[in-house]
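> Residue-level listing of the chains:
There are 2 protein chains.
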Amino acid sequence: MKNFADMQPAQIRELIRRKEITGPTAGMAKNFTQTNLVILKKEHAFDFLLFCQRNPKSCPVIDVTEPGSSIPRLAAPNGDIQTDIPKYRIYRYGELMEEVADIKDLWEEDMVGFLIGCSFSFEFALMNNGITIRHIEENCNVPMFKTTIPSVKAGIFEGPMVVSMRPIPEQDVVRAVQVTSRFPSVHGAPVQIGNPQSIGINDMNRPDFGERVTIKDGEVPVFWACGVTPQAVALQVKPELMITHAPGHMFITDLQDEKFSVL
Amino acid sequence: MKNFADMQPAQIRELIRRKEITGPTAGMAKNFTQTNLVILKKEHAFDFLLFCQRNPKSCPVIDVTEPGSSIPRLAAPNGDIQTDIPKYRIYRYGELMEEVADIKDLWEEDMVGFLIGCSFSFEFALMNNGITIRHIEENCNVPMFKTTIPSVKAGIFEGPMVVSMRPIPEQDVVRAVQVTSRFPSVHGAPVQIGNPQSIGINDMNRPDFGERVTIKDGEVPVFWACGVTPQAVALQVKPELMITHAPGHMFITDLQDEKFSVL
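Those protein sequences? They're chains Z and G, same order as listed. Each residue of the first sequence is one higher than the last, beginning at 23 in the numbering used here. Each residue of the second sequence is one higher than the last, beginning at 23 in the numbering used here.
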């Protein structure tokens, strides 16, 4: 197996484009920022961008394509959101219709792509600080929960914040806050520490998305705003057509995670 | 004279609305965030919001009104951008036509207001750290310069970054970087320190906007991205109608500056 971690983003994207990589992208092109993708028609683009602007913790915008263009000019000028994600999800009127390997046949001239920051970026930063990530250890998807924290409405878009949870050893919680605070553009500091009930989470073993992970003695559940929020919110609107990445199958940009650190 | 510094934002806005305050707002409602204002028609709103998103240092968006509404629901739910600024500028096709005390007669149903962060916020933070602000000492407007730093284009909007300059004593430069880095939502860290030529500024005594200030021995000119940038860029497009605040006559929000600190 090739060492995808040490490859450049453009090399990985080329392999994805040639359908030689078809699975999840976690751990590939180390230190480069991976993003969620939401594609909507132009009629919804202003409201959706405004929703993201109003909810920067859950919807940190990394790049937006010009209407009709599938090139993320800032994040990956040689990339193409029609082909460079291993697996896409096609939603019509809010229903998941199919998963596909590219969207060349579906692209239309009034589409706008939103690249939204993802937790991979701050997980690297945590690991660089010696804080291990349980769902990586357990080789599963991060547990995610719908909360009672409302997002700030924008036009037709509204809905609750979705959070991801990582168990953090008690003595590392302060450091985890510091490390992730440096990255406000990729979810930033936690939204809740140690009291899931206060944000409407009653059963830590039943995440709404992803999988459960072990919480060991002496560990505190820490919750971060999650990039699934904008997808969940956009789906509630039941747009005629919405295209996203499939979970874990992210868009790999040319931007380095460290670029998003403010300190 | 009343002590405007200790009044609440809503009280100041009420006095402005009644035309009892007609001058600059610097120093009023201490610790509350003041903003630049740009009003455009909806047809330009997506491109302009995208421009701001792509240029967060010069165009930090604090709030955007829903199309047709003049209420900044997040920044000041009891405020009104038709009346709560002491002096507005009306531009038609890129030309300054007049300055007015309210825009009730000009408001239209397809207008969108953009409240954009202003340097008052980080100046308070600098002063709280014992770093004096020269243009406040000299009781004049901050000197601002067009640079050779290009903004990132979005749709029809493009143009160079405008920066503001503050002379900082050499021994305080590092602290000034630290303090302003905490506030990425209100311009953040400097863009240049000590080498104006490198960003196309050849004569420190001839600012493009505002007024010159004294640079004393042992002081370094430090440059921050400036909220005049989006106005300058929007004007180049020569929109049929654009309304802004007059320089120094800002919109005072209910948000506290400290809220915008990430650490």
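These are calculated hints, taken from the structure and not from any lab test. Incorrect hints may appear among the rest.
One copy or two, it doesn't matter: identical chains are merged, so the pair holds either way.
[What the hints assert, rightly or not] Straight-line C-alpha distance at most 25 Å; calculated DMTMM-like pairs for lysine to aspartate or glutamate:
no., residue 1, residue 2
1, K126, E241
2, K238, E117
3, K24, E233
4, K24, D127
5, K238, D69
6, K281, E180
7, K168, D230
8, K175, D276
9, K175, E280
10, K175, E130
11, K238, D124
12, K260, E121
13, K109, E131
14, K24, E180
15, K175, E65
16, K79, D230
17, K52, E233
18, K175, E131
19, K52, E65
The model shown is predicted, which means the values in this text are computed figures rather than measured ones.
> Using 25 Å as the alpha-carbon threshold, which applies to K238 and D69: within, between, both, or neither?
neither (42 Å within a copy, 48 Å between copies)
> State whether the alpha carbon distance between K175 and E65 is at most 25 Å within one copy, between copies, both, or neither.
Answer is both: 17 Å inside a copy and 21 Å across each meet the 25 Å cutoff.
> Is it within, between, both, or neither for K109 and E131, if the alpha carbons may be no more than 25 Å apart?
Within. Shortest intra-copy distance 21 Å satisfies the 25 Å Cα cut-off; inter-copy 42 Å does not.
> With identical chains treated as interchangeable, where does the CA-CA distance between K24 and E180 reach 25 Å or less: within a copy, between copies, both, or neither?
The answer is neither: 42 Å in one copy and 42 Å across copies each exceed 25 Å.
> When no copy is specified for K24 and D127, does a C-alpha distance of 25 Å or less occur within a copy, between copies, both, or neither?
neither (30 Å within a copy, 66 Å between copies)
> Go through the copies and call it for K175 and E130: within, between, both or neither, with a Cα cutoff of 25 Å.
So K175 and E130 pass the 25 Å test across copies only (23 Å; inside, 27 Å).
> Between the shortest in-copy and the shortest cross-copy C-alpha distance, which are at most 25 Å for K175 and E280: within, between, both, or neither?
between (31 Å within a copy, 23 Å between copies)
> Reference check for the pair K52 and E65, CA-CA at most 25 Å: within, between, both, or neither?
neither (36 Å within a copy, 40 Å between copies)
> Regarding K175 and E131, is the shortest C-alpha distance of 25 Å or less found within a copy, between copies, in both, or in neither?
This pair counts as between: shortest inter-copy Cα distance 20 Å, intra-copy 27 Å.
> Pop the pair K79 and D230 into one bin, within, between, both or neither, using alpha-carbon distances up to 25 Å.
This pair counts as within: shortest intra-copy Cα distance 19 Å, inter-copy 36 Å.
> Regarding K260 and E121, is the shortest C-alpha distance of 25 Å or less found within a copy, between copies, in both, or in neither?
Within. Shortest intra-copy distance 18 Å satisfies the 25 Å Cα cut-off; inter-copy 45 Å does not.
> Using 25 Å as the alpha-carbon threshold, which applies to K126 and E241: within, between, both, or neither?
neither (46 Å within a copy, 57 Å between copies)
Hints 1, 2, 3, 4, 5, 11, 14 and 19, counting from the list given before, are not met by this structure.
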